[in-house]
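For this one, chain A is given, so just place chain B on it according to the hints.
Chains as they are written, first to last, in this note's numbering: chain A, 44 to 392; chain B, 44 to 392.
Hints are computed from structural coordinates only; laboratory data are not their basis.
Keep in mind the model is a prediction, meaning the values are calculated, not measured.
No false leads were mixed into what you were given.
Computed list of lysine-lysine pairs in DSSO-like fashion (alpha-carbon distance at most 27 angstroms, straight line):
#	chain 1	residue 1	chain 2	residue 2
1	A	Lys206	B	Lys206
2	A	Lys206	B	Lys133
3	A	Lys133	B	Lys206
4	A	Lys272	A	Lys303
5	B	Lys99	B	Lys87
Each pair of labels, with its calculated beta carbon distance range:
#	chain 1	residue 1	chain 2	residue 2	range
6	B	Gly370	A	Leu328	29 to 37 angstroms
7	A	Arg224	B	Leu328	41 to 49 angstroms
8	B	Lys206	A	Ala166	26 to 34 angstroms
9	B	Glu178	A	Arg143	45 to 53 angstroms
10	A	Lys99	B	Lys206	29 to 37 angstroms
11	A	Gly204	B	Arg349	27 to 35 angstroms
Glycine is no exception: its CB is placed at the ideal position from the N, C-alpha and C atoms.
Protein chains: 2
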Amino acid sequence: MLRVPSPQAPLLAALSGTPASPPPIWLMRQAGRYLPEYREVRGKVSSFLDLCRTPKLAAEVTLQPLRRFALDAAIVFSDILIVPHALGQKVEFVEGEGPRLEPVRDAEAIGSLDRTSATEALAPVYETIERVVAELPQAVPLIGFCGAPWTVATYMAEGGGSKDQAAARLLAYRDPATFRRLIDLLVDASTDYLVNQVRAGARVLQIFDSWAGSLPEDAFERWCIAPTKLLVERVKAEAPGTPVIGFPRGAGVQAERYVKETGVDAVSCDTSQPLAWIRDTLQPLVPVQGNLDPVLLVAGGAELDRRVEAILGALASRPFIFNLGHGILPETPIDHVARLVHLVKSGSA
Amino acid sequence: MLRVPSPQAPLLAALSGTPASPPPIWLMRQAGRYLPEYREVRGKVSSFLDLCRTPKLAAEVTLQPLRRFALDAAIVFSDILIVPHALGQKVEFVEGEGPRLEPVRDAEAIGSLDRTSATEALAPVYETIERVVAELPQAVPLIGFCGAPWTVATYMAEGGGSKDQAAARLLAYRDPATFRRLIDLLVDASTDYLVNQVRAGARVLQIFDSWAGSLPEDAFERWCIAPTKLLVERVKAEAPGTPVIGFPRGAGVQAERYVKETGVDAVSCDTSQPLAWIRDTLQPLVPVQGNLDPVLLVAGGAELDRRVEAILGALASRPFIFNLGHGILPETPIDHVARLVHLVKSGSA
Chain A
44 MLRVPSPQAP LLAALSGTPA SPPPIWLMRQ AGRYLPEYRE VRGKVSSFLD LCRTPKLAAE
104 VTLQPLRRFA LDAAIVFSDI LIVPHALGQK VEFVEGEGPR LEPVRDAEAI GSLDRTSATE
164 ALAPVYETIE RVVAELPQAV PLIGFCGAPW TVATYMAEGG GSKDQAAARL LAYRDPATFR
224 RLIDLLVDAS TDYLVNQVRA GARVLQIFDS WAGSLPEDAF ERWCIAPTKL LVERVKAEAP
284 GTPVIGFPRG AGVQAERYVK ETGVDAVSCD TSQPLAWIRD TLQPLVPVQG NLDPVLLVAG
344 GAELDRRVEA ILGALASRPF IFNLGHGILP ETPIDHVARL VHLVKSGSA
Chain B
44 MLRVPSPQAP LLAALSGTPA SPPPIWLMRQ AGRYLPEYRE VRGKVSSFLD LCRTPKLAAE
104 VTLQPLRRFA LDAAIVFSDI LIVPHALGQK VEFVEGEGPR LEPVRDAEAI GSLDRTSATE
164 ALAPVYETIE RVVAELPQAV PLIGFCGAPW TVATYMAEGG GSKDQAAARL LAYRDPATFR
224 RLIDLLVDAS TDYLVNQVRA GARVLQIFDS WAGSLPEDAF ERWCIAPTKL LVERVKAEAP
284 GTPVIGFPRG AGVQAERYVK ETGVDAVSCD TSQPLAWIRD TLQPLVPVQG NLDPVLLVAG
344 GAELDRRVEA ILGALASRPF IFNLGHGILP ETPIDHVARL VHLVKSGSA
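Bound-form chain A, shown alone (with noise of 0.2 angstroms):
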């Protein structure tokens, strides 16, 4: 089933070590509000979770972007949230206010979570890869992609976002064996979860650990680098030769630690890492992604040039893929991702 990479996909190329000229180009949550493309797609549906979970639908928004931009992926059209659901809990998006769950913070909770069911219940991102696939040309890889365990955690544990994922931290901290269960159970369910988005055509995947720097040391050791090392190592098993990006978003100074020690193929870096130090410190170990901010993209005008022409002339003649630090915003112009992706792609660097 799995499709032999292409030698001509950039992606793939700067992914396997290669450095190209341009760099390849995709942006974190490129298929979404900003287009109105998307927006029309969405009003068809009632729900967020609706729309991840209609394959014909979700296929329809992961392609957008590509035909408007000459975008070097696809990335399938989810979210990482439809873990926890596909487990048993419930899960809603309030719109205009973000995530909604049933708390899971206590044993009694995270034992009546079953991942029996999940494969069924995750059937529809499969088969809105498998269409996406068939429509790609086959220089333009889909990734695929899950929450990082840690990430997800805070999620069910807090019940939605916070600004300091407390309750997950308290959890991990006061009971920490009841918190492993969680992990545990996470680990488990993203493995089979990545491993079938490969089965059904992603050629490469990206983990998100969005929480990644609310954690001292020992903590982030211990519910970042430590499950995500044993996700990469059982993907890598099951799913030999499919590249993993790992998205320590926030990690700071941890982000050399957690490329050393979690086997990740490339890594993503956020908006506040600079280009000097991700050149000198992890360009060396792996190729790196990144890393725009997205608020400047909405800006656009000659800062942006300048930042593009900045981080190409730092990052591009080493392995590299060009990318936002964070999700696109909605609020951003199609001109100005339009201009980004001419200026990746003249490629001045």
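Okay, now just chain B, sitting in the frame of chain A:
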């Protein structure tokens, strides 16, 4: 008016570069909702800002934690948003929601801010300091503080807290000249504010840059480092000899540059900064402060004990001030604070 720093004050010794065993300790937001006696005083006034502007009550709550715990510093009870309030921006604190401000996002709104009456508006803070200092022993200095221009500007532009400070970042990218006026105004107002706090009796200053982590390096240089450098230079010119602690929360790798370029006398480290990196990169430059996870202080238990040991073991043999990596949480059990102070003061490092 300035008190001569006492050589017996452990906080001042640490800030002057002398390691102490045990090291000094104070806690960010040590005067606050986790104390029942604070909640009692808070109940006497209708708003949080009223409490900050009622010297008798603000002095009382400043002193409360010192009566319970053997802390080595007091920090004046106030809020970083008292400065925009003093500049004429409408600021209120909504119970259970946080600060709400009338947003300031264009040249006209910024032009309407006025520094001329700020000293009068901030007079209650200075009176609070005088009252507190009259009660404190020489060995316990009072810390004055302000928000860094960047962080205060994020609240002013956003109209409150936010998860990504997008309004300020957008204004800074789109109209840097206008944003510069806001930052310059905040540097001026913050200089006066810090110097007046020293004149009232503060012997140490801290600059809180809570949102230093949201900017890419070029914007970090422009909006965090440069204004902080100017603020520190001016304060040092007008109130020589008063040590300034910088707290660039979330700055990650960029904390090193922040220390080297701003001229702060010490740096406060957030929870995510690894101890070995603090020890090897920051502590050779200046005394360091931090960085226990406030959530771990809520949790308590053996894990708290172990982490306190680890922090002391890594940092206490060189100039060091024990603190949290962020403010103390309202749900923190008082017994855990007592345990922490005991652990640090029993000096097992």
